[in-house]
Amino acid sequence: MGDVERSARAVGLTIDQRYLEGVAANLERLMAQARLVMDVALPLETEPAPIFRP
Amino acid sequence: MTAAEIADAVRAGRVRATAIAQAALARIEARNPALNAFTDVLRDRALREAGAVDRAVAAGRDPGPLAGVPYGVKNLYDVAGLPTRAGSLINRDRPAAPCDAVLVQRMVQAGAVLLGSQNMDEYAYGFTTENAHDGTTRNPHDEARVAGGSSGGSAAAVAAGLCSFSLGSDTNGSIRVPASFCGIFGLKPTYGRLPRSHTFPFVFDLDHLGPFAATATDLALVYDALQGPDPADPACANRAIAPTVPHIFSLPSGLRIGVLHGWFRDMAQEEACTALDEAAAALGPVSAVILPGAEQARAAAFLITAAQGANLHFAALRDRAEDFDPATRDRLLAGALLPAQAVQQAQRVRRWFAEQVAEVFTCFDILLAPATPCPATLIGQQTIFLRGIELPARPSLGVLTQPLSCIGLPVVVVPLRRPGALPLGIQVIAPPWQELRALQVAAWLERAGVAGARIAA
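Protein sequences, first through last, are from chains A and B.
Read left to right, the first sequence gives residues 1 to 54 (the numbering used here).
Read left to right, the second sequence gives residues 1 to 457 (the numbering used here).
Calculated from the structure, these hints are not laboratory results.
Misleading hints may appear alongside valid ones.
So, partial list: chain B residues that the calculated Cβ filter (under 8 Å) puts toward chain A [stated by the list, open to error]: (1) G228; (2) P229; (3) L303.
Not close to chain A: a few residues of chain B, all C-beta gaps over 10 Å, as computed [what the hints assert, rightly or not]: (4) P33; (5) P252; (6) L337; (7) Q345; (8) G420.
Here are the simulated distance ranges between beta carbons [to be verified]: (9) E47(A) to D319(B): 33 to 41 Å; (10) A30(B) to G12(A): 17 to 25 Å; (11) A242(B) to R9(A): 47 to 55 Å; (12) D365(B) to D3(A): 42 to 50 Å; (13) D3(A) to P231(B): 38 to 46 Å; (14) A30(B) to E47(A): 52 to 60 Å; (15) R9(A) to F385(B): 53 to 61 Å; (16) A242(B) to G12(A): 41 to 49 Å; (17) R9(A) to H261(B): 42 to 50 Å; (18) D3(A) to C99(B): 27 to 35 Å; (19) Q382(B) to A10(A): 29 to 37 Å; (20) D3(A) to I455(B): 29 to 37 Å; (21) R35(A) to H247(B): 17 to 25 Å.
Note that the coordinates shown come from a computational prediction; the quantities given were computed from them, not determined experimentally.
Using N, Cα and C, we set each Cβ at its ideal position, and we do this for glycine too.
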């Protein structure tokens with residue numbers, strides 16, 4: 001079982017074999033974006049902005 | 001006729017709203033089969049609403065500031081009696097909406113006439129309006145090309161002259177990208193300005209609603225009628241209506257204008273940069289500005305979108321994945337697998353980026369950037385080249401809009417005059433709650449002849 005299938009099981013999803021390749025490609029794209037945000041050295045004081053109030 | 005001209009003529013009794021509605025319905029009948037901008041045409045409702053306006057005028061009552069002006073809404077707005085499909089097959093099993101979206105209710109109050117609902121990318125997750133269930137919306141200026149998305153039907157309808165304005169939504173660029181591709185004006189107000197009540201959500205933290213129109217004045221006229229708080233949307237700010245129409249031609253002198261460089265130039269093709277520079281030059285002296293963290297902000301919006309979109313649709317992804325549009329299904333399934341760590345970091349990066357941008361706005365009143373990296377892509381086109389790198393088209397057309405909606409800034413897309421070339425728009429970006437300033441710049445560029453909507457004959 002591949003990483004995508006294992007991750008899916010962990011959240012209660014079974015991904016059809018037909019979609020696995022497309023999902024893996026999209027997850028790879030997301031993780032490349034995730035690396036960009038993880039590389040930001042944030043001060044501990046920086047709060048999340050789940051509802052942004054300008 | 002512009003929306004303002006129609007409203008004036010109807011209010012003065014020179015034209016009947018019913019005649020305007022009938023002409024618009026006839027134009028939809030003639031052009032919509034080719035363009036596929038409207039998914040539902042509401043002939044009976046339109047004629048009923050127009051008739052009510054005509055009776056109000058005849059009785060000497062005020063028919064509202066948008067009296068008789070025909071419009072359409074993206075099909076994620078609730079329209080009483082229709083299932084709110086939000087571009088999906090799955091939602092068609094839901095019961096018909098019992099009432100109109102709050103913004104549609106406000107349009108009824110203003111005397112506007114609803115013609116129907118408009119095509120979009122499934123669940124607003126895309127920038128092209130190539131929809132597996134409802135078909136592709138074609139660009140009225142070149143039918144081999146997309147109209148942009150996800151509010152593509154709404155933009156194409158205005159650009160084809162099928163209606164005077166449309167209401168769309170913008171989570172990552174879904175008003176701004178199609179406005180640029182179709183050559184019309186679009187407004188994404190500050191996050192929390194307009195209530196989203198009774199519309200189908202995509203990403204609660206990033207969803208905005210806003211109008212498209214053919215002139216800056218029309219955009220302001222519609223925006224003014226849309227404003228006002230609503231407690232039913234927890235993100236909607238409790239702010240009084242701030243009318244823009246009376247002030248739209250009073251651009252303050254000495255505005256400090258910045259042209260965004262860095263990410264906003266690196267990720268735009270040369271044609272878009274040149275067009276922006278020419279428009280900016282008309283405004284007088286401008287400075288080059290970098291928004292530190294724009295790329296990271298775009299990444300944050302990308303991650304939050306995938307995670308929240310997947311969470312919203314989780315039950316359907318688990319139980320009936322085959323019923324999704326293939327273009328959105330795999331993206332949403334992947335979003336369900338994102339580690340919490342990445343999503344939480346993304347939320348904190350938003351705050352950090354907002355602080356950087358607030359600093360920049362202490363030195364500038366308005367920022368300018370291209371709205372899209374390139375003009376409208378071809379239908380079916382899978383990739384675009386940016387920075388010499390081949391990237392998937394569907395998610396990448398919003399690279400220049402996404403960092404700005406990530407922190408809720410108000411943006412007007414202004415269509416540049418480009419005779420003989422495909423339409424392109426620029427983003428006029430203001431500080432939070434300063435929609436008026438962006439609208440003033442849009443109106444100024446229009447009056448100066450630099451900008452103007454292109455409406456297909």
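Going through the hints against the structure:
This hint is violated: G228(B) has a C-beta 18 Å from the nearest C-beta of chain A, more than the 8 Å allowed. Among the interface hints, the one on P229(B) is violated; its C-beta lies about 13 Å from the nearest C-beta in chain A, farther than the 8 Å criterion. For the restraint placing L303(B) at the interface with chain A, the shortest Cβ-Cβ distance is roughly 6 Å, inside the 8 Å limit, so the hint holds. The beta carbon of P33(B) sits about 32 Å from the closest Cβ of chain A, which is more than 10 Å, so the claim that it is off the interface holds.
Here P252(B) stays apart from chain A, with its beta-carbon at least about 21 Å from theirs, past the 10 Å limit. With a least CB separation of 4 Å from chain A, L337(B) falls inside the 10 Å interface cut-off, contrary to its annotation. With 10 Å as the threshold on Cβ separation, the claim that Q345(B) sits away from chain A is violated: the shortest Cβ distance comes to roughly 5 Å. Non-interface call for G420(B) relative to chain A: holds, since the shortest CB-CB distance, roughly 36 Å, exceeds 10 Å.
Separation of E47(A) from D319(B) is about 36 Å and conforms to the stated range, judged on CB atoms against 33 to 41 Å. For the hinted restraint 17 to 25 Å between A30(B) and G12(A), the CB-CB distance of approximately 50 Å leaves it violated. Taken as a hint, the range 47 to 55 Å holds for the pair A242(B) and R9(A), whose Cβ atoms sit roughly 51 Å apart. Evaluation of the 42 to 50 Å hint for D365(B) and D3(A) yields a pass: the beta carbon distance comes to about 49 Å.
Checked against the given bound of 38 to 46 Å, the beta carbons of D3(A) and P231(B), roughly 44 Å apart, stay inside it. Distance hint check for A30(B) and E47(A): the Cβ-Cβ separation is about 54 Å, which falls inside the suggested range of 52 to 60 Å. At about 38 Å, the CB distance of R9(A) to F385(B) disagrees with the hint of 53 to 61 Å. In this structure the supplied range 41 to 49 Å holds for A242(B) paired with G12(A), their Cβ-Cβ distance being about 46 Å.
R9(A) and H261(B) have their C-beta atoms about 46 Å apart, which keeps the hinted 42 to 50 Å range intact. A beta carbon spacing of about 45 Å between D3(A) and C99(B) contradicts the range 27 to 35 Å that was offered as a hint. Between Q382(B) and A10(A) the beta carbon distance is about 31 Å. The supplied range of 29 to 37 Å therefore holds. At about 51 Å, the beta-carbon gap between D3(A) and I455(B) misses the expected band of 29 to 37 Å.
Judged by the Cβ atoms, the range 17 to 25 Å given for R35(A) and H247(B) is violated: they are separated by roughly 45 Å.
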